[in-house]
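4 protein chains.
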Amino acid sequence: MKNITYIEDFAKWRNEFMFYIPIHVRFSETDMFGHVNNTSAFIYFEQARIEFFKDRGLFTNFNDPEINGVPVVADLQCDFHKQMYFDEKIKLYVKANSIGKTSLDLHYLATNENDDVCLTGRGRIVYMNRHTGKPKPLTSDIKQKLMN
Amino acid sequence: MKNITYIEDFAKWRNEFMFYIPIHVRFSETDMFGHVNNTSAFIYFEQARIEFFKDRGLFTNFNDPEINGVPVVADLQCDFHKQMYFDEKIKLYVKANSIGKTSLDLHYLATNENDDVCLTGRGRIVYMNRHTGKPKPLTSDIKQKLMN
Amino acid sequence: MKNITYIEDFAKWRNEFMFYIPIHVRFSETDMFGHVNNTSAFIYFEQARIEFFKDRGLFTNFNDPEINGVPVVADLQCDFHKQMYFDEKIKLYVKANSIGKTSLDLHYLATNENDDVCLTGRGRIVYMNRHTGKPKPLTSDIKQKLMN
Amino acid sequence: MKNITYIEDFAKWRNEFMFYIPIHVRFSETDMFGHVNNTSAFIYFEQARIEFFKDRGLFTNFNDPEINGVPVVADLQCDFHKQMYFDEKIKLYVKANSIGKTSLDLHYLATNENDDVCLTGRGRIVYMNRHTGKPKPLTSDIKQKLMN
Numbered sequence: 024m025k026n027i028t029y030i031e032d033f034a035k036w037r038n039e040f041m042f043y044i045p046i047h048v049r050f051s052e053t054d055m056f057g058h059v060n061n062t063s064a065f066i067y068f069e070q071a072r073i074e075f076f077k078d079r080g081l082f083t084n085f086n087d088p089e090i091n092g093v094p095v096v097a098d099l100q101c102d103f104h105k106q107m108y109f110d111e112k113i114k115l116y117v118k119a120n121s122i123g124k125t126s127l128d129l130h131y132l133a134t135n136e137n138d139d140v141c142l143t144g145r146g147r148i149v150y151m152n153r154h155t156g157k158p159k160p161l162t163s164d165i166k167q168k169l170m171n
Numbered sequence: 024m025k026n027i028t029y030i031e032d033f034a035k036w037r038n039e040f041m042f043y044i045p046i047h048v049r050f051s052e053t054d055m056f057g058h059v060n061n062t063s064a065f066i067y068f069e070q071a072r073i074e075f076f077k078d079r080g081l082f083t084n085f086n087d088p089e090i091n092g093v094p095v096v097a098d099l100q101c102d103f104h105k106q107m108y109f110d111e112k113i114k115l116y117v118k119a120n121s122i123g124k125t126s127l128d129l130h131y132l133a134t135n136e137n138d139d140v141c142l143t144g145r146g147r148i149v150y151m152n153r154h155t156g157k158p159k160p161l162t163s164d165i166k167q168k169l170m171n
Numbered sequence: 024m025k026n027i028t029y030i031e032d033f034a035k036w037r038n039e040f041m042f043y044i045p046i047h048v049r050f051s052e053t054d055m056f057g058h059v060n061n062t063s064a065f066i067y068f069e070q071a072r073i074e075f076f077k078d079r080g081l082f083t084n085f086n087d088p089e090i091n092g093v094p095v096v097a098d099l100q101c102d103f104h105k106q107m108y109f110d111e112k113i114k115l116y117v118k119a120n121s122i123g124k125t126s127l128d129l130h131y132l133a134t135n136e137n138d139d140v141c142l143t144g145r146g147r148i149v150y151m152n153r154h155t156g157k158p159k160p161l162t163s164d165i166k167q168k169l170m171n
Numbered sequence: 024m025k026n027i028t029y030i031e032d033f034a035k036w037r038n039e040f041m042f043y044i045p046i047h048v049r050f051s052e053t054d055m056f057g058h059v060n061n062t063s064a065f066i067y068f069e070q071a072r073i074e075f076f077k078d079r080g081l082f083t084n085f086n087d088p089e090i091n092g093v094p095v096v097a098d099l100q101c102d103f104h105k106q107m108y109f110d111e112k113i114k115l116y117v118k119a120n121s122i123g124k125t126s127l128d129l130h131y132l133a134t135n136e137n138d139d140v141c142l143t144g145r146g147r148i149v150y151m152n153r154h155t156g157k158p159k160p161l162t163s164d165i166k167q168k169l170m171n
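Chains as they are written, first to last, in this note's numbering: chain A, 24 to 171; chain Y, 24 to 171; chain B, 24 to 171; chain G, 24 to 171.
Simulated from the structure, these hints should not be mistaken for laboratory data. Among the hints, a few may not be true.
Claimed, not checked - Derived pair list, reagent style DSBU-like, types lysine-lysine, alpha-carbon separation capped at 35 Å:
1. K35(Y) / K159(Y)
2. K112(A) / K159(B)
3. K114(A) / K168(A)
4. K157(G) / K114(A)
5. K105(B) / K166(Y)
6. K35(B) / K166(B)
7. K118(B) / K157(Y)
8. K105(A) / K105(Y)
9. K77(Y) / K168(G)
10. K35(G) / K159(A)
11. K118(Y) / K35(Y)
12. K105(A) / K124(G)
13. K105(B) / K112(G)
14. K168(B) / K157(B)
15. K112(B) / K105(A)
16. K168(Y) / K114(G)
17. K114(A) / K114(B)
18. K112(B) / K157(B)
19. K77(B) / K114(B)
20. K157(G) / K168(G)
21. K114(Y) / K124(G)
22. K168(B) / K114(B)
23. K105(B) / K114(Y)
24. K77(A) / K168(A)
25. K105(Y) / K112(G)
26. K112(A) / K166(B)
27. K77(A) / K112(A)
Taking the hints into account, I'd like the entire structure generated from these sequences.
Below is the structure:
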């Protein structure tokens with residue numbers, strides 16, 4: 024594993040993932056180089072993130088105007104370790120790596136059927152008031168659900 | 024040109040196109056077969072359709088809640104005549120081929136730099152009341168702008 | 024069901040589908056109108072088509088240069104009956120509706136969790152010699168597998 | 024401008040960009056939140072990167088089997104500063120921020136028509152031998168073209 028700033032101890036880091044979604048690589052996600060296009064990694068991250076939140080019972084009612092706190096992507100980062108190919112079955116892991124006052128850091132790991140590490144990544148999510156566009160504090164209930 | 028149900032006389036049909044948008048094929052739009060993925064054709068059609076309407080001064084305020092008439096895609100159809108490749112510069116033509124009471128038929132043509140026909144297509148657009156979800160009559164003003 | 028040229032008797036047509044893939048609508052597949060973007064329908068069709076062929080043991084070795092017969096999309100057509108939304112679980116059905124000498128017609132049907140028909144569609148696949156780019160006859164073995 | 028690890032002095036950093044491509048935001052690139060989906064940022068980065076290399080006369084013959092050196096994306100990173108919307112005209116800037124022995128760091132900046140900073144980003148490109156999959160030294164000719 025090459026040196027990655029957001030991973031201190033890879034074995035420990037990897038071991039902390041408890042949740043993943045299966046991704047079945049689609050033909051349309053490949054490019055003329057014969058493997059999955061780089062941009063698809065972030066589609067996979069987004070889907071994993073949403074399912075992770077749903078699994079924790081968080082942020083499930085995006086369409087409810089009563090709910091004014093929404094998770095917003097502040098940044099995204101991905102390291103490409105191994106190419107992924109059409110028809111591969113990928114496991115896309117996600118975890119809350121750290122939780123702050125108004126934001127949290129999600130970390131991502133993608134492995135293929137040989138258990139090779141294909142992608143690692145991270146990104147900060149800010150909890151925002153959708154009406155004011157300002158960060159708002161993560162409640163203790165939200166923090167509790169994220170840490171479970 | 025193979026037989027296509029929506030084109031009677033190809034030379035005449037082609038000659039009626041007056042509007043096009045340039046499309047520069049992106050790397051991410053290719054697939055592992057080395058050419059543009061089939062699904063990208065419909066992204067190009069959508070973009071051409073929107074620019075065509077804008078050019079006619081139609082349907083430009085999608086976000087204005089006061090405006091209750093919106094164009095909705097009822098169907099789409101595409102014939103693939105020649106592969107398109109990364110970095111090619113495509114002309115994507117669009118025209119209103121026929122205009123009915125509450126809907127219109129848009130036709131599409133894509134050509135490459137050698138003037139080869141890559142795609143032909145069509146699709147019906149229904150003019151809908153966004154609040155009721157029911158078709159509403161195209162005004163004479165809209166019809167006039169479409170026929171210009 | 025509105026009038027659709029490629030469907031004679033809808034109940035009979037629908038009843039003939041034996042194979043489907045599940046599609047879980049991704050967030051990135053929606054657009055600013057709040058539902059699934061039209062172009063995603065064709066990504067779903069492509070994935071269903073590939074899985075259908077795989078299920079029949081057909082066209083599974085795209086990367087084997089020894090295999091010179093490949094399925095090529097000649098045209099695609101989709102009718103949009105009902106909007107699909109983020110997080111919906113869609114069944115995407117596919118069947119070989121008719122089989123010719125060098126091509127076949129695939130038909131598609133998408134239903135949501137309420138069993139509403141969201142999409143119907145079709146498209147011709149030509150069996151091509153990848154080296155000459157010419158259509159080649161579908162073998163009786165291929166035809167047999169398609170009709171199962 | 025929030026704190027970003029890869030930017031020391033924002034004014035200086037921004038001033039060094041000499042090359043950009045125009046991006047016209049497509050309808051299909053939005054999502055149900057009403058703005059550009061996060062994953063589209065990386066499609067824009069890819070297109071800017073390819074055009075930048077082409078502008079420098081580099082890596083233009085991806086399909087030539089004689090050419091064994093290819094640029095491979097090792098990592099990608101993006102900070103989202105301001106939402107982008109349908110129909111906006113974005114300038115996507117790219118520059119070679121640093122050049123190493125076998126790799127280089129590209130930096131990215133996206134601004135809208137009000138000159139607001141929408142995205143900043145970076146990513147390392149490794150120059151690889153496509154046959155061995157091993158990094159190979161950037162020639163002085165390549166370095167020269169990158170620094171122009």
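A quick look at each hint next to the structure:
no.: 1; hint: K35(Y) / K159(Y); verdict: 31 Å, holds
no.: 2; hint: K112(A) / K159(B); verdict: 32 Å, holds
no.: 3; hint: K114(A) / K168(A); verdict: 22 Å, holds
no.: 4; hint: K157(G) / K114(A); verdict: 26 Å, holds
no.: 5; hint: K105(B) / K166(Y); verdict: 26 Å, holds
no.: 6; hint: K35(B) / K166(B); verdict: 22 Å, holds
no.: 7; hint: K118(B) / K157(Y); verdict: 32 Å, holds
no.: 8; hint: K105(A) / K105(Y); verdict: 33 Å, holds
no.: 9; hint: K77(Y) / K168(G); verdict: 41 Å, violated
no.: 10; hint: K35(G) / K159(A); verdict: 32 Å, holds
no.: 11; hint: K118(Y) / K35(Y); verdict: 13 Å, holds
no.: 12; hint: K105(A) / K124(G); verdict: 22 Å, holds
no.: 13; hint: K105(B) / K112(G); verdict: 32 Å, holds
no.: 14; hint: K168(B) / K157(B); verdict: 22 Å, holds
no.: 15; hint: K112(B) / K105(A); verdict: 30 Å, holds
no.: 16; hint: K168(Y) / K114(G); verdict: 32 Å, holds
no.: 17; hint: K114(A) / K114(B); verdict: 22 Å, holds
no.: 18; hint: K112(B) / K157(B); verdict: 39 Å, violated
no.: 19; hint: K77(B) / K114(B); verdict: 17 Å, holds
no.: 20; hint: K157(G) / K168(G); verdict: 22 Å, holds
no.: 21; hint: K114(Y) / K124(G); verdict: 41 Å, violated
no.: 22; hint: K168(B) / K114(B); verdict: 22 Å, holds
no.: 23; hint: K105(B) / K114(Y); verdict: 31 Å, holds
no.: 24; hint: K77(A) / K168(A); verdict: 11 Å, holds
no.: 25; hint: K105(Y) / K112(G); verdict: 30 Å, holds
no.: 26; hint: K112(A) / K166(B); verdict: 29 Å, holds
no.: 27; hint: K77(A) / K112(A); verdict: 22 Å, holds
In this structure, the earlier hints numbered 9, 18 and 21 are contradicted, and the remaining ones agree with it.
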